[in-house]
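Here the protein sequences line up with chains A and B, keeping their order. In this note's numbering, each residue's number is its place in the first sequence (first place is 1) plus 335. In this note's numbering, each residue's number is its place in the second sequence (first place is 1) plus 6.
A few of these clues could be false.
Covered, in the sense of this in silico footprint (three residues per stretch, anywhere, with C-beta under 8 Å from a C-beta of chain B), are these stretches of chain A [said to hold, decoys possible]:
#1 426 to 438
#2 451 to 460
Examples of chain A residues toward chain B, derived with CB under 7 Å [to be verified]:
#3 LEU405
#4 PRO423
#5 PHE479
#6 HIS481
#7 GLY587
Hints are computed from structural coordinates only; laboratory data are not their basis. All C-beta atoms, glycine included, are put in the ideal place defined by N, C-alpha and C.
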Amino acid sequence: MVGATAADDLQTKASSLLVRNVSKVHVSADGTHVAALSDVSLSIAAGELVSLVGPSGCGKSTLLRLIAGLDAPSSGELRIGANPISGPSAERGLVFQDPNLFPWLTVRRNIESGLAARNVLREKRHDVDDFMRLVGLESFANAFPHQLSGGMAQRVALARALVNHPRVLLLDEPLGALDAFTRMRMQDEVLRLWQNRGTTMLLVTHDIDEAIYMSDRIVMMTPRPGRIERIIEINQPRPRQRNSSEFLELRGRILEMLHFAGENAQAPNR
Amino acid sequence: MSMEGISTSFVMSPPAKAAAPRRSPGPRAILTAAAPFIATSVALAVDRLPSHQTTLPSHLYPLLLEITLGLSLIALLLQLALAPVRTWFAPKAPLLAAFVLLLGFWDLITLKLALMPLPYFPGPDLVIQNLVDNWRMLATCTGYSLLLLSVGFMVGASLGVFCGVLIGWSIRFRYWGMPVLKVLGPIPATALVPLALMLFPTAFISGTSLIALAVWFPVTMLTASGIANVRVSYLDVARTLGAGRVFLIFRVAIPAAMPSIFIGLFMGLGASFLTLIVAETVGVRSGLGWYLAWAQQWADYGKVYAVIVIMAFFFSGLMTLLFKLRDRVLVWQKGVIKW
Ligand SMILES: Nc1ncnc2c1ncn2[C@@H]1O[C@H](COP(=O)(O)OP(=O)(O)O)[C@@H](O)[C@H]1O
Ligand SMILES: [Mg+2]
Numbered sequence: 336m337v338g339a340t341a342a343d344d345l346q347t348k349a350s351s352l353l354v355r356n357v358s359k360v361h362v363s364a365d366g367t368h369v370a371a372l373s374d375v376s377l378s379i380a381a382g383e384l385v386s387l388v389g390p391s392g393c394g395k396s397t398l399l400r401l402i403a404g405l406d407a408p409s410s411g412e413l414r415i416g417a418n419p420i421s422g423p424s425a426e427r428g429l430v431f432q433d434p435n436l437f438p439w440l441t442v443r444r445n446i447e448s449g450l451a452a453r454n455v456l457r458e459k460r461h462d463v464d465d466f467m468r469l470v471g472l473e474s475f476a477n478a479f480p481h482q483l484s485g486g487m488a489q490r491v492a493l494a495r496a497l498v499n500h501p502r503v504l505l506l507d508e509p510l511g512a513l514d515a516f517t518r519m520r521m522q523d524e525v526l527r528l529w530q531n532r533g534t535t536m537l538l539v540t541h542d543i544d545e546a547i548y549m550s551d552r553i554v555m556m557t558p559r560p561g562r563i564e565r566i567i568e569i570n571q572p573r574p575r576q577r578n579s580s581e582f583l584e585l586r587g588r589i590l591e592m593l594h595f596a597g598e599n600a601q602a603p604n605r
Numbered sequence: 007m008s009m010e011g012i013s014t015s016f017v018m019s020p021p022a023k024a025a026a027p028r029r030s031p032g033p034r035a036i037l038t039a040a041a042p043f044i045a046t047s048v049a050l051a052v053d054r055l056p057s058h059q060t061t062l063p064s065h066l067y068p069l070l071l072e073i074t075l076g077l078s079l080i081a082l083l084l085q086l087a088l089a090p091v092r093t094w095f096a097p098k099a100p101l102l103a104a105f106v107l108l109l110g111f112w113d114l115i116t117l118k119l120a121l122m123p124l125p126y127f128p129g130p131d132l133v134i135q136n137l138v139d140n141w142r143m144l145a146t147c148t149g150y151s152l153l154l155l156s157v158g159f160m161v162g163a164s165l166g167v168f169c170g171v172l173i174g175w176s177i178r179f180r181y182w183g184m185p186v187l188k189v190l191g192p193i194p195a196t197a198l199v200p201l202a203l204m205l206f207p208t209a210f211i212s213g214t215s216l217i218a219l220a221v222w223f224p225v226t227m228l229t230a231s232g233i234a235n236v237r238v239s240y241l242d243v244a245r246t247l248g249a250g251r252v253f254l255i256f257r258v259a260i261p262a263a264m265p266s267i268f269i270g271l272f273m274g275l276g277a278s279f280l281t282l283i284v285a286e287t288v289g290v291r292s293g294l295g296w297y298l299a300w301a302q303q304w305a306d307y308g309k310v311y312a313v314i315v316i317m318a319f320f321f322s323g324l325m326t327l328l329f330k331l332r333d334r335v336l337v338w339q340k341g342v343i344k345w
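From just these sequences and the hints, can you work out the full model?
This is how it looks when you write it as structure tokens:
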């Protein structure tokens, strides 16, 4: 989509992530308890790209909010590098499924908001241009969010998180609202960013193809209570081919594990 | 209540679609363009009728109509010649014509047919005469009212936003603040006139305090509810971007609450008009409200209507100003872009 920019050269120090025996019980307004996460343990190396898949309600968003520090776990511990996570911080960026752009700010000001929040806008203003170019929205710098399409808004949300150079980037179905073409292009963009900047990424997706195409490992979760069922390593070299036989075979295996393969589905190993 | 859909401009497109700009104007477009001229001619004809009220002969009203006639003729000719002028003037023409016709009707039922009893219902000439004769006094009163109102409104609005943010943001302030607000807020500021006159050294200070109080309540209420109802996800996003409390309050919560704050400001402005007139009637020795009460005491209804005309323009001008400000601050809102 865009050529290499200064944004790519700004190497970000990545951090490892540790989730140990974490449980989270949500108490809803009517007093009922929901075990959103039960004894979840996961260790992510610095610079790794891990996908989180599973049916809705299995606690993927809950886990991301815990890592982001927006909620506290009911039990267990979370660490970034060697430090325990005690609250939200700019070193852990989070892109929500809904772009959640600030509607009162223009595209440019939205992307700047992380820098403004940390009082570094003056020194880092030129970064904003790079990221705006990166997500292909230079010509919309002065547009307001309500004038953007869903895909454009999500790209702004991504740029807004990236401009802070987080050590860990948490992505909660960030591409879910995009059409198939924009989606594949954005997958490549995110991959390119990840490779150039070395950020640790944790990506929630409901798209098996996306998970296989992008990640080093796929964490499969099951609901009620939310648990990690299995972790699959993807050892295929990058850049991956979406229609290679290895890709399709892996896809078939994962769908089988999820019992979605169907009656007469066969792994495409002909 | 919602103010979002209300346009700033009081001049809207006419109901007839006749105003569509075309190369050569059709008969309906010509009629629209000529409407003010025709209306003024009718009003002038009414003015030439013999008077049935025993008042002095009119001077200013016919003069005004004659000037209007000349201007509307020029406007008509310009419109026939130039399409851009037509496009610009056409939306305003029916309203202007209706206004002039209304003046003529007023002239007809008062001066010409003597249907309305004097001195309560003077004709347009007397009111215009009063406006012209007393302009210096009226200007002084308007200036005084403007001072009283703007000081009171500014103080009340600032305090309201301040208290509203505290109450909306902090659970502790909400606990202690809401009961006070619930008990003190609904008291009409005008009920506190005796108290204010006693408490404050000058009528000006008691007047501004009353206006400030009247503005403070709705602004506090609407600001507090706006802040308390800010979407949590905006705050969550800001936190993950590294925002501290100051940023969360001033750069997220307050901008997000702006639409609600403006509703409070509009309610406060309405309340301030009422309070201004009452305060000026009972305590203050100047201003439009005082002039109104004074003219009424002398049964000088020409002056009464003159000051009411001034008030209409004064208050609607201030409302328009606030609308413009809102449209500017809330450009980001869908559908409120025009101003
Ligand atoms: N704030 C909350 N209050 C109560 N229950 C919640 C809350 N957030 C999530 N839950 C519940 O926790 C479970 C996991 O939710 P979530 O993490 O959003 O799942 P996912 O993102 O995988 O779809 C669901 O059953 C959901 O209803
Ligand atoms: Mg979710």
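Consistency of the hints with the structure:
1. As drawn, the region 426 to 438 of chain A meets chain B at 8 residues by the rule of a beta-carbon pair under 8 Å; at three or more, the given contact holds.
2. Three residues within the 8 Å Cβ limit are the bar, and the region 451 to 460 of chain A against chain B gives 3, so the coverage statement holds.
3. Here the hint on A:LEU405 is kept, as its CB sits about 5 Å from the closest CB of chain B, short of 7 Å.
4. Proximity of A:PRO423 to chain B holds as hinted, the smallest CB-CB distance being about 4 Å (cut-off 7 Å).
5. A distance limit of 7 Å between C-beta atoms decides the matter here; for A:PHE479 the minimum to chain B is near 5 Å, and the interface restraint holds.
6. The interface hint given for A:HIS481 is met, as the beta carbon of that residue sits about 4 Å from the closest beta carbon of chain B, less than 7 Å.
7. Below 7 Å, beta-carbon pairs count as interface contacts, and A:GLY587 has none with chain B, the closest being about 37 Å; its hint is therefore violated.
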